[in-house]
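S.K.: Sequence:
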Amino acid sequence: MKIAIYALPLLFASAHLLHAAPAKPNILFIVGDDMGYGDVGFQKCKDIPTPNLDSLAASGMRFTSGYVSGPYCSPTRAGLLTGRYQQRFGHEFNPSGETNGLPVSETTIADRMKAAGYATGIIGKWHLGSQGDMQPQKRGFEEFFGFLGGAHSYFNVGGILRGTEPVKELDYTTDAFGREAVSFIDRHKGKPWFLYLAFNAVHTPMDATDDRLAKFPNIADKQRRTYDAMMLAMDEAIGTVRKKLVDEGLDKNTLVVFISDNGGPTMKGVTVNGSSNLPLRGSKRTTLEGGVRVPFVVSWPGQVKPGVYEQPAIQLDLTATALAAAGIDVKPEWKLDGVNLMPYLSGEKSAPPHDALYWRFGQQMAIRSGDFKLVRYDTNADTNTGKRQPVSDAKLYNLHDDLGETKDLAAAQPEKVKELQAKWDSWNATLVKPLWGEGAGDSDGAEPGGKKARRKEPNN
Numbered sequence: 045m046k047i048a049i050y051a052l053p054l055l056f057a058s059a060h061l062l063h064a065a066p067a068k069p070n071i072l073f074i075v076g077d078d079m080g081y082g083d084v085g086f087q088k089c090k091d092i093p094t095p096n097l098d099s100l101a102a103s104g105m106r107f108t109s110g111y112v113s114g115p116y117c118s119p120t121r122a123g124l125l126t127g128r129y130q131q132r133f134g135h136e137f138n139p140s141g142e143t144n145g146l147p148v149s150e151t152t153i154a155d156r157m158k159a160a161g162y163a164t165g166i167i168g169k170w171h172l173g174s175q176g177d178m179q180p181q182k183r184g185f186e187e188f189f190g191f192l193g194g195a196h197s198y199f200n201v202g203g204i205l206r207g208t209e210p211v212k213e214l215d216y217t218t219d220a221f222g223r224e225a226v227s228f229i230d231r232h233k234g235k236p237w238f239l240y241l242a243f244n245a246v247h248t249p250m251d252a253t254d255d256r257l258a259k260f261p262n263i264a265d266k267q268r269r270t271y272d273a274m275m276l277a278m279d280e281a282i283g284t285v286r287k288k289l290v291d292e293g294l295d296k297n298t299l300v301v302f303i304s305d306n307g308g309p310t311m312k313g314v315t316v317n318g319s320s321n322l323p324l325r326g327s328k329r330t331t332l333e334g335g336v337r338v339p340f341v342v343s344w345p346g347q348v349k350p351g352v353y354e355q356p357a358i359q360l361d362l363t364a365t366a367l368a369a370a371g372i373d374v375k376p377e378w379k380l381d382g383v384n385l386m387p388y389l390s391g392e393k394s395a396p397p398h399d400a401l402y403w404r405f406g407q408q409m410a411i412r413s414g415d416f417k418l419v420r421y422d423t424n425a426d427t428n429t430g431k432r433q434p435v436s437d438a439k440l441y442n443l444h445d446d447l448g449e450t451k452d453l454a455a456a457q458p459e460k461v462k463e464l465q466a467k468w469d470s471w472n473a474t475l476v477k478p479l480w481g482e483g484a485g486d487s488d489g490a491e492p493g494g495k496k497a498r499r500k501e502p503n504n
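Count along the sequence shown from 1, add 44, and you get the number used in our numbering.
Any given hint could turn out to be false.
Said to hold, decoys possible - DEER-style ranges, computed between Cβ atoms:
1. Asp215 to Gly391: 40 to 48 angstroms
2. Ala456 to Gly161: 50 to 58 angstroms
3. Asp255 to Thr474: 46 to 54 angstroms
4. Ala454 to Lys375: 36 to 44 angstroms
5. Ser390 to Asn442: 24 to 32 angstroms
6. Phe86 to Asp373: 29 to 37 angstroms
7. Glu213 to Lys312: 34 to 42 angstroms
8. Gln267 to Pro147: 32 to 40 angstroms
9. Pro210 to Pro396: 44 to 52 angstroms
10. Pro95 to Ala67: 24 to 32 angstroms
11. Gly161 to Lys379: 17 to 25 angstroms
12. Asp452 to Val201: 47 to 55 angstroms
13. Asp446 to Pro147: 34 to 42 angstroms
14. Thr284 to Thr474: 38 to 46 angstroms
What the hints assert, rightly or not - No more than 35 angstroms apart at the CA atoms, straight line, and that leaves these computed lysine-lysine pairs for DSBU-like:
15. Lys235 to Lys379
16. Lys259 to Lys296
17. Lys349 to Lys158
18. Lys182 to Lys68
19. Lys375 to Lys467
20. Lys349 to Lys288
21. Lys375 to Lys235
22. Lys88 to Lys288
23. Lys233 to Lys375
24. Lys349 to Lys88
25. Lys393 to Lys349
26. Lys375 to Lys182
Bear in mind the hints are in silico, worked out from the structure with no lab data behind them.
In this text, all values refer to a predicted model and were calculated from it rather than measured experimentally.
Just so you know, even glycine gets a beta-carbon here, dropped at the ideal spot from N, CA and C.
Can you make the complete structure from the sequences, with help from the hints?
M.R.: In structure tokens, the structure reads:
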């Protein structure tokens, strides 16, 4: 009898261990660059094989209303790494000068992960400032392999850095970034790590390897054929990284998220790359769905049940979700706009994560609340002349019934317009003026519809 009594604590201890919380998970953020919404297999793409991205989507939750907080590269990255609407700290547009970048007053997710004992690294595109205090290793990232600007040749080694030192050899950036990610995982597999894998694929310039181009002989359009080969390269690199996770037994303890930084550039006046946003309307640089709704996946085997999530979510939520997964308590003074998605993905919470999502991009704006979206957008999306066009009047769409934003309901539902405009105005009142990019730049770089010309923002 005494033996049984004394054994009870051991039995309880064993039972507790069987249900113990997993070790701190690894966090992997994967970001594609200027991808078209319809250009992956899990979005019904027919001409580009993306088996690794499709497998990632099948392993986790695929978001059908996944958004980014802006229609341009740098601002949405600023939002992702801070978990805050980038308009709150003036990072509304792509940096227009060498001294501009993510304000040093902002704390990044890498800062927070590093403080929590994580190894931190970024591989690929930075585009958040090239000055010393804005470079990755001053923003919480212990390791950096990639380039500081907004665009880069896929074959030219010039401008590729390891930390602050120039890299001397390069084959193809997409392949190199995949290998570097595998190396990072190998070096840090003994402790929790946070890796931000930011491909420059499929941003211009249109550079593809000959072997991959040869796999698309039936694509007549040269630009689309090159784009397809570039997408294939990114999918293969992602497959290499995921295989490393499996080989090291890390796949079940790694939260992986995948998004594009904005919609595909499909209209004249931006660096068109051959992408497709179908069935959405609009392009990168517009607040139409084609500019801000993106492929969006969250995978964490054993923690996120595979499926489809239809409620609107935004890339800001990925930051909050990763912090929660890492056991980092979010403090009110951080003023994050993103929310932890895990209770929503588990079914613990059934309401939408947000009452509304908001966008401001110069004179363009949008708000989505429920199925309704109020939007003012660059009308070059309609004319497609490549010239700066005025911003539209407010348009109201029901995205449940009209995903392509073709039926304006503003005249028929003026009260809904008034309601959404009031919500947006309240949000807008909490923002600051842009730190750069006031007024109009030329067609390839600054906000359309502005009042003063500024120099071109290259690398958009």
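S.K.: Next, verify each hint and record whether it holds.
M.R.: Checked hints:
| no. | hint | result |
| --- | --- | --- |
| 1 | Asp215 to Gly391: 40 to 48 angstroms | holds, 45 angstroms |
| 2 | Ala456 to Gly161: 50 to 58 angstroms | holds, 56 angstroms |
| 3 | Asp255 to Thr474: 46 to 54 angstroms | holds, 51 angstroms |
| 4 | Ala454 to Lys375: 36 to 44 angstroms | holds, 41 angstroms |
| 5 | Ser390 to Asn442: 24 to 32 angstroms | holds, 29 angstroms |
| 6 | Phe86 to Asp373: 29 to 37 angstroms | holds, 34 angstroms |
| 7 | Glu213 to Lys312: 34 to 42 angstroms | holds, 37 angstroms |
| 8 | Gln267 to Pro147: 32 to 40 angstroms | holds, 36 angstroms |
| 9 | Pro210 to Pro396: 44 to 52 angstroms | holds, 47 angstroms |
| 10 | Pro95 to Ala67: 24 to 32 angstroms | holds, 30 angstroms |
| 11 | Gly161 to Lys379: 17 to 25 angstroms | holds, 24 angstroms |
| 12 | Asp452 to Val201: 47 to 55 angstroms | holds, 50 angstroms |
| 13 | Asp446 to Pro147: 34 to 42 angstroms | holds, 38 angstroms |
| 14 | Thr284 to Thr474: 38 to 46 angstroms | holds, 42 angstroms |
| 15 | Lys235 to Lys379 | holds, 29 angstroms |
| 16 | Lys259 to Lys296 | holds, 33 angstroms |
| 17 | Lys349 to Lys158 | holds, 28 angstroms |
| 18 | Lys182 to Lys68 | holds, 24 angstroms |
| 19 | Lys375 to Lys467 | holds, 25 angstroms |
| 20 | Lys349 to Lys288 | holds, 22 angstroms |
| 21 | Lys375 to Lys235 | holds, 25 angstroms |
| 22 | Lys88 to Lys288 | holds, 27 angstroms |
| 23 | Lys233 to Lys375 | holds, 29 angstroms |
| 24 | Lys349 to Lys88 | holds, 22 angstroms |
| 25 | Lys393 to Lys349 | holds, 14 angstroms |
| 26 | Lys375 to Lys182 | holds, 22 angstroms |
In the structure shown, no violation is registered for any of the earlier numbered hints.
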